[in-house]
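Trainee: Below, each chain spelled out in residue letters.
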Amino acid sequence: MRSKCQKIEPLISDYIDGTLSERQTADVTSHIRSCGACKREVADLKKTKHLLKNFYIEPEASDTYYARFATELQQRIEESAPTAPHQRLAAAATRLGWQLRTQAYRYADYFRLSRFIFIRQHTLPYYVLALTMLMLIAAPFLLTHFPFDNGNEQVHFASTAVDRDATLAVEQENAASHSISTRRNLNSERKTEIPSVDSGSDIWKFTDDRVVDGNVFVALHTEDSDTVPSVALDIDSELLTYAEFAAQDATLERLTGRDVLTDRRYALLLLRGINTRQHAHQEYQRKRIEFRGFSHKLLDVPLEMMSVEAGYDLIEL
Amino acid sequence: MDRTEALLIADLCEGDETALAPLIERYKRMVYRLAVQITKNRADADDVMQETFIKVYRSIHTFRKDATFETWLYRIAVNEALNFVKRRDRRRECTLETAAESEYDSTVRHNVQIANDPHAQAEKSELRQHVTAAVNSLPVKHRTVVILHEFEGLTHAEIASILNCSEGTVRSRLHYARKKLRTLLKPYMDARTV
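These protein sequences, in sequence, are chains Z and E.
Under my numbering, the first residue of the first sequence is numbered 1, with each subsequent residue one higher.
Under my numbering, the first residue of the second sequence is numbered 1, with each subsequent residue one higher.
If you are wondering where the hints come from, they were derived from the structure by calculation, not from laboratory data.
As the structure is a prediction and not an experimental result, all values here were calculated from the model.
Don't be surprised by glycine CBs; every beta carbon is placed ideally from N, CA and C.
Any given hint might turn out to be false.
In silico DMTMM-like links for lysine to aspartate or glutamate, alpha-carbon gap of 20 Å or less [stated by the list, open to error]:
hint	chain 1	residue 1	chain 2	residue 2
1	E	LYS65	E	GLU14
2	E	LYS179	Z	ASP44
3	E	LYS141	Z	ASP14
4	E	LYS86	E	ASP46
5	Z	LYS47	E	GLU126
6	Z	LYS47	E	GLU152
7	Z	LYS53	Z	GLU41
8	E	LYS179	Z	GLU41
9	E	LYS179	Z	GLU60
10	Z	LYS49	Z	GLU79
11	E	LYS55	E	GLU5
12	E	LYS124	Z	ASP44
13	E	LYS28	E	GLU152
14	E	LYS28	Z	GLU60
15	Z	LYS49	Z	GLU9
16	E	LYS186	E	GLU152
17	Z	LYS7	E	GLU167
18	E	LYS55	E	GLU126
19	E	LYS186	Z	GLU79
20	E	LYS180	Z	GLU9
21	E	LYS180	E	GLU150
22	E	LYS28	E	GLU17
23	E	LYS180	Z	ASP44
24	Z	LYS47	E	GLU150
25	E	LYS55	Z	GLU41
26	Z	LYS46	Z	ASP17
Not the full set, but computed from the structure, chain E residues with beta-carbon under 8 Å of chain Z [said to hold, decoys possible]:
hint	residue
27	VAL135
28	GLU150
29	LEU185
From just these sequences and the hints, can you work out the full model?
Mentor: This is how it looks when you write it as structure tokens:
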């Protein structure tokens, strides 16, 4: 019984105020029915509360006192007010500072993260665990779609990789004498020799298959020259133009050496009905201006628009 | 022209000193009551009142709307009064000054004697005097909680906010104070008055 009284005793004050929960109130009520000491305690504290409410004398002052007080306070404020210009300036600056600080607090309070995200503290580990599992599940997909660069070996033809200010350089006119394939399936095996393009003065060979979105793009380079081709190839009354592009964050520069199809520079263009260098350039510029996203679409040229020279195995896409 | 409290506060924030007078008019009695009850001395209460309203005037820019102006003012007044009592007690320890605190008790006694009919109200006047003296005899921390809860009608949470302590501390102090008052007022708890 004594231990029960010790538990109940701290609650009695709140019991009198009526600020206990229903369960606690029921506990105290049932206890004081069976405990005389606690019952007397409750009765005494109720009487004490009654005495305080009805017999305590609250201090009050006369109207004269308040009038005098207001006058004195006003004088004190005026005396403490800044009079010199530099004091006034400092006071104004302080006031402005406080106002800005108050506004900043209000905005910070309004936009605080907890207004939008409600996470109970004890559930935080569960959120972290769920987020970690989600990341583990999503990681393979993310890595597949956004492969990391491995030096200069891999080419990224992401949509942002082709810059609007790309330059088209057609270095060799009538360079192509063969029809070639510029795409083939990843799974296909190269069965014959690498095709070449005789431009008259230089021989360009297709080398280095580059993987882009499941297709293989073929780059050109010369065997005995450091000049990197930007060639136009006639393919069945169409012109396959090999153009250089400055990709995002890349500088506009001519290609050098064998450093073709790096991860920042190139795309393949297929321009229809272009026969001359000047025409190709104009056509490219026109399309680039008129058709938004033209450069991007070039990568999606259907394979059947190209004829393929024997020597490269043709894979229907 | 009757300006609302929000307008008065906004004007005061912008440096309009005339907005202070209506605010003083509204809250002067509340602040005076608190100051006298906590300091137990009318002269000290006068100082506390002045300091309170000057602080309101100077710090109104720090008032944020997450609390009511009344609660904010309570906080300033109570803290000013408690600081004043702390400084006074420290000074008294040094100078052995003892006269100041009893001034309010004697004033209360005087007012009670004048205001009441000695024949019909003698018992009640004596009871009032004892109840007031009992409250004033409490330690300042407990007295403050009793004043804010019993006489000002504030909740535990509001008192905790004003005193910058936990609600549990407020409940504990209130319970202790009531038990102390019960002991002091036990002789007066008879059927005729309660």
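Trainee: Return the numbers of the hints above that this structure violates; sort them in rising order.
Mentor: 9, 10, 16, 18, 19 and 25
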